[in-house]
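Student: Residue strings, one per chain:
2 protein chains.
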Amino acid sequence: MGEHHLVIGGNAAGMTAASRAKRLSPSLAVTVLEASRHISYSICGLPYWLSGRVPRFDDLVYFTPESLQNERGIAARLQTRAVELLPSRRSVVVEDLGSGRKEVLRYDKLLIATGYQPASLDVEGVDAKGVFTVSRIEDGQAISDWLDSGRAQQAVLVGGGYVGLEMAEALRGRGLQVALVEKSAAIFPAIDPDMASLLQSELEANSVRVFTGRTVGRIVTRSDGTVSGVELAGGHQLQADLVLMDIGVKPRVDLVQGSDIRLGGSGAIAVSERMETSVPSIYAAGNCAETVHLVTGRPGFDPLGTVAAKQGRVAGENMAGRVSYFRGAVSTTAVKVFGLAAARTGLTTEEADREGFQVVEARVEGRFQASYFGGKPSTVKILADSVSRRLLGAQIVGSELASVRIDVVATALAARMTVDEATQLDLAYAPPVGTLWSPLLIAMNLLQRRMDGR
Amino acid sequence: MGEHHLVIGGNAAGMTAASRAKRLSPSLAVTVLEASRHISYSICGLPYWLSGRVPRFDDLVYFTPESLQNERGIAARLQTRAVELLPSRRSVVVEDLGSGRKEVLRYDKLLIATGYQPASLDVEGVDAKGVFTVSRIEDGQAISDWLDSGRAQQAVLVGGGYVGLEMAEALRGRGLQVALVEKSAAIFPAIDPDMASLLQSELEANSVRVFTGRTVGRIVTRSDGTVSGVELAGGHQLQADLVLMDIGVKPRVDLVQGSDIRLGGSGAIAVSERMETSVPSIYAAGNCAETVHLVTGRPGFDPLGTVAAKQGRVAGENMAGRVSYFRGAVSTTAVKVFGLAAARTGLTTEEADREGFQVVEARVEGRFQASYFGGKPSTVKILADSVSRRLLGAQIVGSELASVRIDVVATALAARMTVDEATQLDLAYAPPVGTLWSPLLIAMNLLQRRMDGR
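As they're listed, the protein sequences go chains A and B. Counted from 1, the first sequence has number 42 at position 42 by our numbering; the numbering is strictly sequential. Counted from 1, the second sequence has number 242 at position 242 by our numbering; the numbering is strictly sequential.
Note that these hints are calculated values from the structure, not bench results. Mixed in with the good hints there might be a few duds.
[Unchecked claim] 25 Å max Cα-Cα, derived DMTMM-like pairs, lysine to aspartate or glutamate: (1) Lys376(A) <-> Asp58(B); (2) Lys183(A) <-> Asp59(A); (3) Lys250(A) <-> Asp420(A); (4) Lys376(A) <-> Asp59(B); (5) Lys376(B) <-> Asp122(A); (6) Lys250(B) <-> Asp420(B); (7) Lys250(B) <-> Asp224(B); (8) Lys376(B) <-> Glu355(A); (9) Lys250(A) <-> Glu355(A); (10) Lys129(B) <-> Asp139(B).
[Stated by the list, open to error] A few chain B positions that, by computed beta-carbon distances, are all more than 12 Å from chain A: (11) Arg20; (12) Val54; (13) Pro65; (14) Val93; (15) Val409; (16) Thr411.
Virtual Cβ for every residue (Gly too), placed ideally from N, Cα, C.
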């Protein structure tokens, strides 16, 4: 009889690991345990379903337990939460969330892929009806129901991260008045404030009111328990019949607390390059596990679906008996809000300063497409370390065709390129899709001149 | 008194070199000699001016001699051809093409940036009125005049390279019937035939008749000396009142023939990493000079404006007394024809075979953008060497947003990445601008599996 592998968590990392292990080792029995009602869904697609661009809810879900069994030979149990690890017995205690019944499942190898959980606001009124976080697909359904009920005309988004920006657009698209509250001095801390201000202008140009440097004092509720407003610290009150909170996430690691599985300094599970935890035969992958940042060389918490999927792939290969390594990532992300796309990779200026690099930066405006093909100026910022001359990171705000060029710098970072090497990258040009001097190269040239004091 | 530098050729390499040298060393006197009537023009924009997308001819020209003098302090002499080098006297004999008068100009440092010249067809009738090549901006004006005269209803394009494809679209846009004749078995040899067939389908879907594996027997002329058709070898005759020939280019090196300036094996001028020729104080840059291919490690002829500009920059820095190196390039190019974009980098399968690599290839269809954002499947092909596991090249045919991703592979090639490293590139994802698994990564994963025989 073959081995039995358990995977806790049925999303990017868990699903990829289960699929990869089963494909490499078809005799394996693989079971995926998932606490929610769905596996294998696109949480990133949620704003686009709420806005109506994704036509059906089912379009967000890639597999049902049935199709997963039929197409990949993998079992999935929904609404099943792992509640206790018993490593010495190679077992997990799981609870059926429907019946409350507990059960002990044995494994030969175990993957923990529990992802992240949203931070919640510790203020009066957060439990009011109409107040949501957005981290599981069910949250989206609840928001959709609330919108469909017609009760929501004014939304307040707390937190100006990815979710805040994308939901601002989605809710404007549904005809709501939208305000966004961000506690930092600038929205979207994934990029530097001077770049984020371009996104703020885009929000405001689309009638989203933006309040930066403001925190929430309390959620105001009606007598029927529904939300009626958000009171900012200091007193200003915003009317609201829908509140979405996206004030950060942390690794979902309750399950391993108190076990021998070591957490890293970031609070996420420490893993080897083979995605193994400190306890033999137990792997971790995805947003509950640490990721080595290839610029700093150190592990950290960097909750991204793309990284989770790659980690899952490596974990699945190792669980199937292969030897496979995950080298790390460089924090590459993108977002689009109304007509403006933004992307980042590596470190921001603030992050690089904090890491002790001697940061030199270049910021240029330029077109990634001839103007007669509709190319509009985009803004590119690139950072390098003046000691090693290595690139540290980049940010782009502008067109879609501009934002995807961030991958060039992401690739250069993975290769530990210096700015001197990067000035000579041989990038494609044809008038419909590029310019003779890519703004990336113009920025690299400027960065090189700055480093040389010319 | 400062030094005097001469630059022969007023386009990408020459203009960039002149500008860079003058900027770094403002006391320099710099003169650009240009045989044609314009400096600093975008030959790549020509099809888009003929189609009307670029509104005015002047939009193709970045500098006039006046603006170059005023803005950059650089002199330019048009219609002035360098006809003889006198290196022992640090002089060049130049001819004023208007008056025929010759003159000897002294230099302290000289840059040869004469670019390429079109190959011409050695058949009867090539000198007929209405038969053109497209390599200088004047060619574009002549074609435009011919079109404006209303004589052209049926065009035959000889050669299915960049110019052939872009002109096919431009001339269809002007309402002409268009046929394209390519002597190879597939059009657009910059990419593999299986990829080029996608472009051929796109041409045919836009009513361009494509004849592959056919050569031109003769150009048929009317008694008034105008073209009336193209007879293919074997006899088939195509009616034509406009013929454009783009059957390849070669380095324009007449000037150095018979001198001590050494040509490389490719027929272009051999240069050091500092862009210096074998004769001291004489530099060469751009399409008349060789370029080291970073995948093969060997110099060759690779006529691209992007590379020319970078070489010009390095030449200009060295001419100004700095020490600057050009490492090489990886043959990255792009083209768009009707609704389809294509890009390549590195080596094609045929090129890699010829170089003796053990080629493994992966070809996938995938979306670079969620389908609900209009993402259509694009085709990605990636090649690696099974011995070293290094990437060798890639080709993409599909949307614009897909084609620009070629730069990721171009960057990976410059960094000599293996396919194993490339499977883990941290590329950006957000539904409007990417997919969780980029088709690039899907292709890399497939390539890795193929190399491992799984």
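Student: Look at each hint and say if it fits the structure.
Tutor: Do the hints match the structure? See the list:
1. The straight-line distance between the Cα atoms of Lys376(A) and Asp58(B) is roughly 20 Å, inside the 25 Å bound, and the hint therefore holds.
2. With a C-alpha separation of about 34 Å, the suggested pair Lys183(A) and Asp59(A) falls outside the 25 Å cut-off, and the hint is violated.
3. Taken as a hint, the Lys250(A) and Asp420(A) pair is broken in the structure, with Cα atoms around 38 Å apart against an allowance of 25 Å.
4. This hinted pair checks out: Lys376(A) and Asp59(B) have alpha carbons roughly 16 Å apart, not beyond 25 Å.
5. The straight-line distance between the Cα atoms of Lys376(B) and Asp122(A) is roughly 45 Å, outside the 25 Å bound, and the hint therefore fails.
6. Distance restraint check for Lys250(B) and Asp420(B): the Cα-Cα separation of roughly 38 Å exceeds the 25 Å cut-off, and the hinted pair is therefore not satisfied.
7. Simply put, Lys250(B) and Asp224(B) have alpha-carbon atoms about 32 Å apart, too far for the 25 Å limit, and the pair is violated.
8. A hinted pair counts as satisfied when its Cα atoms are at most 25 Å apart, and Lys376(B) with Glu355(A) does not qualify at roughly 41 Å.
9. In summary, the hint linking Lys250(A) to Glu355(A) is supported, as the alpha carbons are separated by about 21 Å, within the 25 Å threshold.
10. With a C-alpha separation of about 13 Å, the suggested pair Lys129(B) and Asp139(B) falls inside the 25 Å cut-off, and the hint holds.
11. The beta carbon of Arg20(B) is not kept farther than 12 Å from every beta carbon of chain A, the shortest such distance being approximately 10 Å.
12. With 12 Å as the threshold on Cβ separation, the claim that Val54(B) sits away from chain A is violated: the shortest Cβ distance comes to roughly 5 Å.
13. The non-interface label for Pro65(B) is consistent with chain A: the shortest C-beta to C-beta separation is roughly 21 Å, beyond 12 Å.
14. The beta carbon of Val93(B) sits about 32 Å from the closest Cβ of chain A, which is more than 12 Å, so the claim that it is off the interface holds.
15. Residue-level check failed: Val409(B) sits 8 Å from the nearest beta carbon of chain A, not beyond 12 Å.
16. Look at Thr411(B): its CB is around 4 Å from the nearest CB on chain A, not clear of 12 Å, so calling it non-interface is violated.
In this structure, the earlier hints numbered 2, 3, 5, 6, 7, 8, 11, 12, 15 and 16 are contradicted, and the remaining ones agree with it.
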